[in-house]
Amino acid sequence: AQSVTQPDIHITVSEGASLELRCNYSYGATPYLFWYVQSPGQGLQLLLKYFSGDTLVQGIKGFEAEFKRSQSSFNLRKPSVHWSDAAEYFCAVGGHSGNTPLVFGKGTRLSVIA
Amino acid sequence: DAGVIQSPRHEVTEMGQEVTLRCKPISGHNSLFWYRQTMMRGLELLIYFNNNVPIDDSGMPEDRFSAKMPNASFSTLKIQPSEPRDSAVYFCASNRQDEKLFFGSGTQLSVL
Numbered sequence: 001a002q003s004v005t006q007p008d009i010h011i012t013v014s015e016g017a018s019l020e021l022r023c024n025y026s027y028g029a030t031p032y033l034f035w036y037v038q039s040p041g042q043g044l045q046l047l048l049k050y051f052s053g054d055t056l057v058q059g060i061k062g063f064e065a066e067f068k069r070s071q072s073s074f075n076l077r078k079p080s081v082h083w084s085d086a087a088e089y090f091c092a093v094g095g096h097s098g099n100t101p102l103v104f105g106k107g108t109r110l111s112v113i114a
Numbered sequence: 001d002a003g004v005i006q007s008p009r010h011e012v013t014e015m016g017q018e019v020t021l022r023c024k025p026i027s028g029h030n031s032l033f034w035y036r037q038t039m040m041r042g043l044e045l046l047i048y049f050n051n052n053v054p055i056d057d058s059g060m061p062e063d064r065f066s067a068k069m070p071n072a073s074f075s076t077l078k079i080q081p082s083e084p085r086d087s088a089v090y091f092c093a094s095n096r097q098d099e100k101l102f103f104g105s106g107t108q109l110s111v112l
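Chains as they are written, first to last, in this note's numbering: chain A, 1 to 114; chain B, 1 to 112.
Derived by calculation from the structure, the hints in this document are not laboratory data. Hints are supplied without guarantee of correctness; some may be wrong.
[As the list claims (entries may be wrong)] Below 20 Å or equal to it, Euclidean Cα-Cα: the simulated PhoX-like pairs (lysine-lysine) are:
| id | chain 1 | residue 1 | chain 2 | residue 2 |
| --- | --- | --- | --- | --- |
| 1 | B | K24 | B | K78 |
| 2 | A | K68 | A | K49 |
| 3 | B | K100 | A | K61 |
| 4 | A | K49 | B | K100 |
[Stated by the list, open to error] Partial list, derived from the structure: chain B residues whose beta carbon lies under 7 Å from chain A:
| id | residue |
| --- | --- |
| 5 | F33 |
| 6 | G42 |
| 7 | L43 |
| 8 | L45 |
| 9 | Y48 |
| 10 | F91 |
| 11 | K100 |
| 12 | F103 |
| 13 | G104 |
| 14 | S105 |
Positions of the beta carbon are idealized from the N, C-alpha and C atoms, including for glycine.
Construct all of the structure, not just a fragment, from the sequences and the given hints.
Right, here's the structure in full:
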């Protein structure tokens, strides 16, 4: 069965520092991979997605993620964090067959300090 | 486009009462998903529809939960009778095939 593990429940970084959020997945075939962000009281917004091709994908708000098949990972990175990046981040995995539902990790809460 | 619209935003009810959550997907989207979010279990898929047909409801916790999609622009998730452990945020999401998923703002349900 497919699953997603986000090992860090909560991360705190200083504004301007770099960020890496970890994501490991389990999937029987080549997966579709996603990162979503959730601000308090809001739904989830897509940051970026990987379907195929270049394993380094760029997303909105300066985020990027790298797909590493050998490590079953899809870590999210940002070189310089802004206070507005404080939110909950979710990694998700899905299949290639049409509208299959996504399986989400439990999320990583990011706090940004001055 | 107004996005995925969910109502109500907040619902407080007493144990044993019936609760109905509503969702209007984005026009043109042919798939609709109901998720439940809790601190303990994260985001769980409850049920999803393709072209108004329920495809997989294995995530529905028990018979107290039911979902319908009578047409392409409306879906309901009903809990009858509700219990305190049903308290959670319920999200509806929709998409077109192979396109990104759009989420509603969720319904915060509190069962007292």
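- Query: What hints, given by number in increasing order, does this structure fail?
  - Reply: none
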